[in-house]
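K.L.:
Here is what each chain is made of, one letter per residue.
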Amino acid sequence: MTEKPSAADLAAAIGVWLKESGGRDPYLAKVAVNVLGIIEREARLAPAADAEEGARLAALLGTEGDLDRQRRELCRRIRAGDFDQGAARDVLARHLRATATARIAIDNPKWALTPPS
Amino acid sequence: MKRLAGGASREIWSFDAVQGGGRREALILRRDPPGVALPEGAIPRATEAAAIEAAATTGAKVPRVRWRLGESGFIMDRLDGTAEARLLLRDPAFAPARAAYAKEVGAALAAIHRHDGAGIGLKTMGAAEQLAFYRDRMDDFDRPSAIFEAAFRRLALALPKEVPPRLVHGDFRTGNLLFRPEGLVAVLDWELAHRGDPLEDLGWLCVRSWRFGGAGPAGGVATREELWAAYEAAGGGKVDPRRAMWWEMFSTLRWGIICLIQADRHLSGREPSLELLAVGRRASETEYDLAELLA
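As you go down the protein sequences, you meet chains A and B in turn. Position one of the first sequence corresponds to residue 0 (numbering that gives the first Met the number 0), numbered consecutively onward. Position one of the second sequence corresponds to residue 0 (numbering that gives the first Met the number 0), numbered consecutively onward.
It is worth saying that the hints were derived from the structure and are not from the lab. Heads up, some of the hints might be wrong.
[Stated by the list, open to error] Straight line, CA to CA, 20 Å or less: simulated SDA-like cross-link-like pairs of lysine to any residue:
(1) A:109 <-> B:139
(2) A:109 <-> B:211
(3) A:29 <-> B:85
(4) A:3 <-> B:257
(5) A:29 <-> B:272
(6) B:1 <-> B:11
(7) B:1 <-> B:26
(8) A:3 <-> B:266
(9) B:1 <-> B:71
(10) A:109 <-> B:254
(11) A:29 <-> B:292
(12) A:18 <-> A:31
(13) A:18 <-> B:274
(14) B:60 <-> B:152
(15) A:3 <-> B:254
(16) A:109 <-> B:89
(17) A:29 <-> B:291
(18) A:109 <-> B:292
(19) A:18 <-> B:271
(20) A:109 <-> B:208
(21) A:3 <-> B:139
(22) A:3 <-> B:60
(23) A:109 <-> B:212
(24) A:29 <-> A:48
(25) A:3 <-> B:141
(26) B:122 <-> B:39
(27) A:3 <-> B:268
(28) A:3 <-> B:137
Model the full structure from these sequences, guided by the hints.
P.N.:
Have a look at this one:
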């Protein structure tokens with residue numbers, strides 16, 4: 000996973016906060032509940048989401064590799080202008096929509112329900 | 000005296016001054032503790048006070064600056080009202096404020112942009128400069144994002160022509176606008192003021208993250224077209240929709256990268272905070288919005 004902050008970072012920060020403050024601040028308790036929700040959804044949803052993203056990336060790039068490397072390769076090619084125009088641009092746009100939708104289902108599912116622009 | 004939010008490095012205090020005869024004055028002190036480095040992009044308090052006074056001279060609704068305290072602080076009037084999105088967007092009492100939103104907010108922006116921002120120590124930061132600035136920030140983090148890359152690419156290819164710089168608020172959004180039920184009271188929080196393209200302020204206002212679930216792109220209340228029309232009617236320049244949408248896409252990307260910057264304050268060990276770290280995952284909200292804007 001290239002997700003940053005990672006689930007491990009998030010869990011560690013909740014641990015430190017609970018240990019140091021006893022978890023009493025009601026605002027931070029709400030933040031912690033939200034963050035635990037992210038960790039929970041990531042554990043449930045990320046394996047399938049990553050597999051689907053990996054399959055899309057293999058088709059898009061024409062190369063195989065682990066997810067992190069494939070993601071970096073796509074970034075490199077976008078930056079180089081490989082997806083600026085035509086069909087490549089449309090295929091990329093569909094991949095980005097699918098990736099963003101899978102990601103928001105983990106990080107904040109309510110976001111996708113807010114009125115579109 | 001009561002400390003309000005303002006982050007670790009910058010202080011905002013709310014207090015009442017009691018005059019002879021018992022007359023009370025509601026005031027705000029904005030100051031920086033000595034020796035603390037300013038957050039990136041932020042201006043010294045004296046410059047902030049100068050920007051507020053500049054905006055007042057061209058008719059913007061702003062708090063009156065009362066006393067300047069050297070470079071690092073000033074005192075201004077504390078005005079009555081709320082900056083809370085929930086009240087503005089959903090409280091029945093605020094229906095008149097919602098009805099007047101586009102007109103008043105458009106007029107406030109037009110008034111700010113009537114000032115060219117020159118001569119008060121503000122930096123000029125146009126589209127190209129800002130895009131380069133956030134490009135560098137993105138490259139500071141090891142967090143590959145195809146969506147951010149695609150947005151950078153699209154924005155770089157469609158870079159708008161530089162325009163003569165105007166005074167730009169720099170953080171014009173719900174949360175920094177003070178309302179009473181009957182309407183807009185004042186534009187607050189000028190610490191990111193600079194000179195630049197006035198449409199930057201309109202684009203930033205329309206980022207989905209400041210809509211708080213409301214339907215209208217402009218602050219969750221009005222449509223873009225209503226905002227643009229009100230801005231033009233109040234004497235703001237003609238709004239080119241393509242340039243405005245460039246700034247909206249840039250602004251969405253900018254907020255996404257700010258989310259990563261916040262998380263990095265924790266991850267680097269500089270400022271351990273669960274809250275800052277959690278903001279890092281809000282970057283995917285802007286990725287979701289950018290994927291939509293890029294389609």
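K.L.:
Give a verdict on every hint.
P.N.:
We went through each hint and held it up to the structure:
| no. | hint | in the structure |
| --- | --- | --- |
| 1 | A:109 <-> B:139 | 30 Å, violated |
| 2 | A:109 <-> B:211 | 11 Å, holds |
| 3 | A:29 <-> B:85 | 17 Å, holds |
| 4 | A:3 <-> B:257 | 14 Å, holds |
| 5 | A:29 <-> B:272 | 14 Å, holds |
| 6 | B:1 <-> B:11 | 9 Å, holds |
| 7 | B:1 <-> B:26 | 11 Å, holds |
| 8 | A:3 <-> B:266 | 10 Å, holds |
| 9 | B:1 <-> B:71 | 19 Å, holds |
| 10 | A:109 <-> B:254 | 19 Å, holds |
| 11 | A:29 <-> B:292 | 31 Å, violated |
| 12 | A:18 <-> A:31 | 13 Å, holds |
| 13 | A:18 <-> B:274 | 16 Å, holds |
| 14 | B:60 <-> B:152 | 37 Å, violated |
| 15 | A:3 <-> B:254 | 16 Å, holds |
| 16 | A:109 <-> B:89 | 18 Å, holds |
| 17 | A:29 <-> B:291 | 29 Å, violated |
| 18 | A:109 <-> B:292 | 19 Å, holds |
| 19 | A:18 <-> B:271 | 14 Å, holds |
| 20 | A:109 <-> B:208 | 12 Å, holds |
| 21 | A:3 <-> B:139 | 13 Å, holds |
| 22 | A:3 <-> B:60 | 40 Å, violated |
| 23 | A:109 <-> B:212 | 10 Å, holds |
| 24 | A:29 <-> A:48 | 27 Å, violated |
| 25 | A:3 <-> B:141 | 8 Å, holds |
| 26 | B:122 <-> B:39 | 13 Å, holds |
| 27 | A:3 <-> B:268 | 15 Å, holds |
| 28 | A:3 <-> B:137 | 13 Å, holds |
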